[in-house]
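Residue numbers (my numbering), protein chains in the order written: chain V, 1 to 199; chain F, 200 to 453.
Check before you lean on any hint, since a few could be wrong.
As the list claims (entries may be wrong) - Here's a subset of chain V near chain F, in silico, CB distances under 10 Å, partners left out:
(1) Ala133
(2) Ser169
(3) Ala171
Said to hold, decoys possible - Here are the simulated distance ranges between beta carbons:
(4) V:Arg38 <-> F:Phe343: 48 to 58 Å
(5) F:Asp222 <-> V:Asp178: 24 to 34 Å
(6) V:Arg59 <-> F:Ala297: 50 to 60 Å
(7) F:Gly292 <-> V:Arg175: 55 to 65 Å
(8) F:Glu237 <-> V:Leu170: 50 to 60 Å
(9) V:Ala84 <-> F:Glu274: 51 to 61 Å
(10) F:Glu298 <-> V:Leu170: 23 to 33 Å
(11) V:Arg62 <-> F:Leu321: 36 to 46 Å
(12) V:Ala152 <-> F:Leu321: 26 to 36 Å
(13) F:Gly292 <-> V:Pro174: 33 to 43 Å
(14) F:Ala216 <-> V:Asp178: 51 to 61 Å
(15) F:Leu321 <-> V:Asp129: 51 to 61 Å
(16) V:Ala192 <-> F:Ala216: 45 to 55 Å
No wet-lab data here; the hints were simulated from the structure.
No residue lacks a Cβ here, since even glycine has one placed at the ideal position from N, Cα and C.
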Amino acid sequence: MDRSLRLVATNPADDLSQTIEALLVIASAPLSVDELARAAEQDAESIEAALELLVERYREGRSGIVLEFVAGGWAFRASAQAAAACARLQERPAERGLSQAALETLAVVAYLGPCSRPEIARIRGVNVDGVVAGLVERGLVVEDGRENEFGAVRYRTTPLFERVFGLESLAELPRVDDLGADVTEIRARLEAVAEKRPA
Amino acid sequence: MAVDTLAVRELDLDLDAFEGPFDLLLSLVLREELPLAELDLAQIVVAFVERLAERDELDLEACGEFLVLFSALLELKARGLFPDEEAELAELGPEQAAEELARRLAEYRRAKEAAVWLAERLERPRYFRLAPAPLAPKPPEPQFASQKPEKLAQVLRLLAVDPPEPSTAHMALRFPPVSQFLERWRSLLARRSRLDFDEGIVGCSRVEIAVAFLALLELRKTGEVAVSQAAPFAPIRISRAASERSLSWTAHSA
Chain V
1 MDRSLRLVAT NPADDLSQTI EALLVIASAP LSVDELARAA EQDAESIEAA LELLVERYRE
61 GRSGIVLEFV AGGWAFRASA QAAAACARLQ ERPAERGLSQ AALETLAVVA YLGPCSRPEI
121 ARIRGVNVDG VVAGLVERGL VVEDGRENEF GAVRYRTTPL FERVFGLESL AELPRVDDLG
181 ADVTEIRARL EAVAEKRPA
Chain F
200 MAVDTLAVRE LDLDLDAFEG PFDLLLSLVL REELPLAELD LAQIVVAFVE RLAERDELDL
260 EACGEFLVLF SALLELKARG LFPDEEAELA ELGPEQAAEE LARRLAEYRR AKEAAVWLAE
320 RLERPRYFRL APAPLAPKPP EPQFASQKPE KLAQVLRLLA VDPPEPSTAH MALRFPPVSQ
380 FLERWRSLLA RRSRLDFDEG IVGCSRVEIA VAFLALLELR KTGEVAVSQA APFAPIRISR
440 AASERSLSWT AHSA
């Protein structure tokens, strides 16, 4: 352990590591490699090398601060081990008490977004106006244009959504094909139910 | 009891689009001889409630029957107002409808499972610094059209010149002295014992007329003249004061 720490301290990239730490501490949102490179006036490769060192330094089990790639950029968060203490200090308004309806709506927006409330309602089979308004208030979804010039407002998920759920990007969501039964299977089950019904 | 019951079917209606008993209205609607869209259904409710109010007791049976019939009517009308949806569903054959239903259910099932996946991720709480919303973007610098320095100097030179002194000539009202008109009235009255005000101001300006009038009031105050006017705007008659006249008359007769 001592050995590796000494190695870090003598690494020529250490100055840059310290700069990156500072940038990540003051940033309000995850920073991309490009953003870090611009602020530190370094090339992307040096930034990536320094980040590699930092990820090792700030990892679960080794530090209370964890460096992670989330929502398309690098950011610090609290370690899982400290979560209970963090919970006593701070509430998590963005995801506190998310209902089943809210989670389903979030899932639809995450997969199909930008999409409008009528589109979400069509899939969920119920009106979603209130649920969508709640998600907007929490900052998990945001308006993103209209269907056409005067059409329904469309929504997409925000970087905060990716951060709250710890997603590097929306591509990290499970593949649609891996979710749920396929149409033929549902069809077969529907027919089975129909046969049981008295004529 | 049966005699007492309010017969909903015989409820007389007097609507804009229909006049007659309720059951005739229903059969006309069902035979599609009367377009539901033209009926104001609220009027039927009002008619029913009025009939209900005429009775001392609440007729629950009639209310129930009315509710059933009326809700059916409302549903029919509501469906009629969305012809597109009806057509969309009617166009599908039983096979296609089953296919569509299965497709929608599969879609919903996926959303539901994705929601479960998301909920599982929330079980591992993640704390990070929540920043306030970013500041509004900096407004763009104002852009000015390019200008020639000579032109700018020319315009500035125009601004640097003192503006001309405003004329106050129109404000100078020259009042002739009142004494001038005192003398004028006295000399006129010396020649004639009575005269009209207008005769004394021939050829005078507005200001001079005002001063002439002031002079006349002055003479009236000191009792040198008597002034009378038959009606507003009538000629003002001026005469030598009576006392003076009587004195002079006394002097003459003496």
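Earlier hints that do not hold, by number: 1, 2, 3, 4, 5, 7, 11 and 15
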